[in-house]
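Between the sequences and the hints, there should be enough to build the whole structure, so can you do that?
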Amino acid sequence: MSVFSLSVRSALPLVVLLLAVPGRAQPFPAFDPERIFMQGDADLDGRLSLDEYREFLRRVPRMQEAGIEPFFRRSDADRDGFLSLAEYRRSFPSRPGGRRPAEPKSKPEAEVSGPVTPAQEQFFETKIRPVLAAHCGSCHSGMVEKPKGGLRLDTREGMRVGGDSGQVIVPGRPDESLLIRAIRHRDDELQMPPKQKLSDMVIADFEAWVKMGAPDPRTGPAAAPHATIDPAKAREFWSFRVPVKSAPPMVNRTAWPRGEIDSFLLAALEARGLSPVGDASRPRLLRRVTFDLTGLPPTLEELDAFLADDTPEAFAKTVDRLLASPRFGERWARHWLDVARYAESSGKTNFAYPQAWRYRDWAISSFNVDKPYDQFVREQIAGDLLPAADDRQRADQIIATGFLALGSKAHDAENRGQFLLDVVDDQIEATTRAFLGLTVACARCHDHKLDPVSQRDYYALSGIFRSTQTCSGTLAGVFPNFNASPLFELPAGANLPSAVPPLSSGQRTAMEERLATLVSERNAIPPGEANRDRVRRTDSMLSTLRLRLLVDRPGGTPRTFAMAVRERDEAVDSPLYVRGELEQPGAVVPRGLIGVFGDSASTPVTTGSGRRELAEWLASPSNPLTARVMVNRVWLHLFGRGLVPTPDNFGSAGVRPDHPELLDTLAVDFMQDGWSVKRLIRRIVLSHAYGLDSAHDPRNFEADPDNALVWRMSKRRLEAEAVRDTLLSVGGQLDVTPPVGSAVARMGEGLALFVRVEGLDDQDTHRSVYLPVVRDRVPEMFAMFDFADPSLVTGERATTTGPAQALYFMNGPLVIRQSGALAERVNAINADEAGRIAAACRLALARMPTSVERDRAVAFLREFSEQTKGADSQRGAWTAFCQALLSSAEFRYLD
Amino acid sequence: MNPQSLTRRGLLWSVAAGGGCLALAGLPSVASGTDPKRSPLAPKVPHIPARAKRVIFLCMNGAPSHVDTFDYKPELALADGKTSSRPGRIPGAKLMASPWKFRQHGAAGLWISELFPEVARHADELCVIRSLHTDLPAHPEACLMLHTGSSQFIRPSLGAWILYGLGSETDDLPGFIALRPSGRNGGAQNFGSAFLPAACQATRIGSEGQPMAQARISNIKNPRLGTNAQRLQLDLVQAMNRDLVERERAHPGADGVIESFELAFRMQGRLPRVMDLTGESAEMRTLYGLDDPAAADFGHQCLLARRFIEAGVRFVELAQGDWDQHRGLRAGHLRNARAVDRPIAGLLADLRVRGLLDETLVVWGGEFGRTPHGQNADGRDHNNKGFAVWLAGGGVKPGIAYGQTDELGYEAVENPMHVHDLHATILHLLGLDHERLTHRHAGRDMRLTDVKGVVHTAILA
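Going down the list, the protein sequences come from chains W and L. Take 1 as the starting number for the first sequence in the numbering used here and just add one per residue. Take 1 as the starting number for the second sequence in the numbering used here and just add one per residue.
Because the hints were derived from the structure by calculation, they are not lab data. Since this is a predicted model, take the numbers as computed values, not measurements. Nothing false has been slipped in among the hints.
Derived DSSO-like pairs (lysine-lysine); straight-line CA-CA distance at most 27 Å:
{"id": "1", "chain 1": "W", "residue 1": "K678", "chain 2": "W", "residue 2": "K715"}
{"id": "2", "chain 1": "L", "residue 1": "K94", "chain 2": "W", "residue 2": "K195"}
{"id": "3", "chain 1": "W", "residue 1": "K197", "chain 2": "L", "residue 2": "K94"}
{"id": "4", "chain 1": "W", "residue 1": "K148", "chain 2": "W", "residue 2": "K127"}
{"id": "5", "chain 1": "W", "residue 1": "K678", "chain 2": "W", "residue 2": "K317"}
{"id": "6", "chain 1": "L", "residue 1": "K94", "chain 2": "W", "residue 2": "K449"}
{"id": "7", "chain 1": "W", "residue 1": "K146", "chain 2": "L", "residue 2": "K94"}
{"id": "8", "chain 1": "W", "residue 1": "K148", "chain 2": "W", "residue 2": "K211"}
{"id": "9", "chain 1": "W", "residue 1": "K233", "chain 2": "W", "residue 2": "K449"}
{"id": "10", "chain 1": "L", "residue 1": "K221", "chain 2": "W", "residue 2": "K869"}
{"id": "11", "chain 1": "W", "residue 1": "K195", "chain 2": "L", "residue 2": "K82"}
{"id": "12", "chain 1": "W", "residue 1": "K449", "chain 2": "W", "residue 2": "K148"}
{"id": "13", "chain 1": "W", "residue 1": "K449", "chain 2": "L", "residue 2": "K452"}
{"id": "14", "chain 1": "L", "residue 1": "K452", "chain 2": "L", "residue 2": "K397"}
{"id": "15", "chain 1": "L", "residue 1": "K101", "chain 2": "L", "residue 2": "K82"}
{"id": "16", "chain 1": "L", "residue 1": "K82", "chain 2": "W", "residue 2": "K146"}
{"id": "17", "chain 1": "W", "residue 1": "K148", "chain 2": "L", "residue 2": "K82"}
{"id": "18", "chain 1": "W", "residue 1": "K148", "chain 2": "L", "residue 2": "K94"}
{"id": "19", "chain 1": "L", "residue 1": "K82", "chain 2": "W", "residue 2": "K197"}
Calculated Cβ distances over 10 Å to all of chain W for the following chain L residues:
{"id": "20", "residue": "P74"}
{"id": "21", "residue": "A97"}
{"id": "22", "residue": "G106"}
{"id": "23", "residue": "L334"}
{"id": "24", "residue": "P398"}
{"id": "25", "residue": "G431"}
Just so it is clear, CB atoms sit at the ideal spot from N, CA and C, and this is done for glycine as well.
Laid out in structure tokens, this is it:
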């Protein structure tokens, strides 16, 4: 049978593997049973029901209907009525690759390190070890700072793992062993030792030794294979040392500091002979803190209440009110979503991720309930493995792992191995940058050029993620998706809302009829290349329709799913891919954490993927980076500049902290205060420094133009979301009710090219955090105001200013409409013209107009309505006036 | 006094700023510092006689392989499949001959690979620099280095420095335009103004992944207000903005907003006309490759670039990617070369015919080169130690190859030119002394070239 020649692009590749035909050996990727399994998993729940299985097998020519069910029952080892991926795999034991997840061939360590017999030991000690010491050690041992080619031959580990060129010995096969080739001196390019060839007898000994399996009795500490990194020395780098709290320094102006933060800042200013500027006006402070904590301007009532309250606690009360507002989580989760490279599509070919929104909502709720940050971290890496009190908590924790599943992916990659490695790479990149501020993904192809992260560390982490199944969804039936995966079905007891409404019985019947029609149409399509597109279209429609029907529960709420991760059936270690090349698997690296962190990261991974251990280490108080990185992110969002100005890089390519003691003290306090983000924010905004004015000061500016010393509050431009939300808010049209789902969720599985994204800023009046985020299709308004690229971990957005933004305020439909709404709003107020002008100014800028501004406004209204004579000229003038307020630099900046 | 100084920009700004006589008070040179009342984009006199007035930067994102394009390595062809044991090489990696043939072109006999048959016809215009090198072999760092001279700190873009140094020659278009800029590898930071006035940053048109023909600046026309009514409204906005700057004593953000409104107001009339290609003849469209689907997008960019340059834009950056072929080099480089070859050739020819090439510096290159050894059977890895860019027009010696890498193409060995040197040389061609083009920030006179950079005078015409 020729089915094996079908490519994965063919319409029904599942046929290939369903028939237990002993076939030619398949190369690694095309044979992945999971790929085929997903063709049958119509509801994306990660298991095959009998119906799915039957449907799946029906498409196989000559398959006997009667044989299906008995075969299914036999394969269903745990008798739960479903075939898991593992059961499915086991049902075809004769197939190459059928038992294990498709893995590139790599040498298991056991082959190298099996038990050594006394005779072998003697052979090694007398014939091998002395030669290694005498002829190799001066370049390839711990005696030299940088072993040549990253290769150490003075330890068993070094011998086993090899160097930059990969493994140097292939046990049992001298001819394939690089070491033997080198000592034979037959290869012009590879001759070791370089100056003097070893004697033929010694070479024969080495050949014999490799042939017997290279038994190596050496013990002792396993040296890092790439001894270019000295962990003890590397740990002296500031960010790798555990943070310690410092006593606040003495200051001259003892009355100025309100707490430790202020003491640290003031002491540094005084040391340079500088002093902070005066305090911000109260309206300015209220506007600042309201935006910082909720992303929205203060309302007129809030402004009045705050200005009327002259008690010393007025500001603290305001801060507590804002922290308790549900708007707080929406604001701060959006900061996190930048870091989490959150999006609702895959990018590239752009498959929709209709369940991604649950992660967004999880993040919002986490900030709102002030989930301790260590727990917040733990849940995102290993939420599926954590204990839960009930189904609701279990579901939430599963949703949290969406962090690992929602990165950008090339679903159309034909090379399955490459796809899986790229997913893992995204997970390593996101995890290490988001939580540690480290660029570990740089070590995919070689040791990190700047930081003490080895390629071995990378593949130790890689093993953890390769032992993890990434449940990103997407339907195998939609072309060109060669890398579908299941979703994680959430426990029904969690009672989570569904983005799609239940089907009425009428709808259901109609859909079932449509499905039947499609099936017969599909069966009627004659085979052949000419009909390929028709087949693809029909299959796509069939699979989405099937999914819709299977997700629905007649008479109940629809089944709920999340993007998430779960443990694979079998944990695997990853080989080290030489130069990052899939075709060059080197020695296997045991799953583990990053070596440089020493004891705190030395928990061995014994069972399972190791995600649990990774999560615990990331969330541990002994991790020197986690708290620092988060404290710095928070500081950045409140002051416009991080204490470490490179928030996603705490390595040597990053910039060192401006105030190391303050950063460390904040980090320690943060951990000791139960990792509470809300209390951290509260401490910072109640500092004297936060309440400073943002006014210019020539002397301070000359000394410190970047305001690294915080001699004032930095002026910050509002982000895209805050601009839009505020426009809607001042126009009285912002809908603060959180919507269920998102536009992508309502569209469902398929290509995200069909989700409407442009123009929503004007029509969907929910907060911006709820608008769809489709990769490579960021709406123009958001891109214009520097929205973060949703494929990248982004701790700090750019701030640009340009004519496109000016045009947006001058001519943009949303601005014009909201200006009209604001005009109507203030004209409905029972006040004279001056009072209405003041109201508009207070709504837009949270302050009263000056008398000059008021007179100017009066003149403008008169002149404008004269110039645009007509029935509507008054309204037009007011709209134009309100638009001018919203267009002003002051509106766009937090001063 | 240069009559060009009497642009509307200079006048409008000065009047708006309440200093009507300023525009007539003569041109300050770059070195005389910044007058806050003056538009940062007012034309300025260069430090030294300028050979070029403007720049078109053809940015090849992802790093094209020098050994497959403009750096001919016969030794590499002979060593195909061998491992290199030279110091510093990755052991075990196999050298890979270029899949493309090289031939000599033009009177000067420049070696160019068959990837660029059309550009090769203009060999006698090219100044190929084969000895570039940069600090780090990683895209984000190298891309930022190429654009801003720093991979670590937020620094102004090359285009921003040039605009800052020379001012703008147009009142109604941005002085620095980036077409379809990539959001990756530093994103907007590559086109930013950092501590320079906000008006120096690039105006970005379109985005990566979006066809150039669809890219436009939105909101270019007000649905209701006529020009006079809008001007009246804008005067109110600007009065508030100037009040703010006054109140705060200094507000660079608000300064940027003020500039952007004036420019935007004038752009409304001009930009749609400049971006409208319907008036271009069929011959012109063919010249730029617009009728070849594989080349149409970059052709559109090149044609726009010429129109912007003609209209007085100082610096235009075009983007083509992705050249990052760790695998699939044959198909990937071929696709990329096809996309840019005819458009670039068309651009060079058109600039020449219009008499613009002599005062327009065209720069072609990526953030680094690629390794002479192969990767993944049909790919090449990053190589920062040696790579090639070429310059054309604008006062460079035409028809020369400058500098050399070693015999395999690993490392610049003859006349090595760091990216800082390239920047210094580009500034020099524009009449700017890279050591005098400074901006006081953080207690230092900051430069594009930091404390480095050497002008390579050997390539100056």
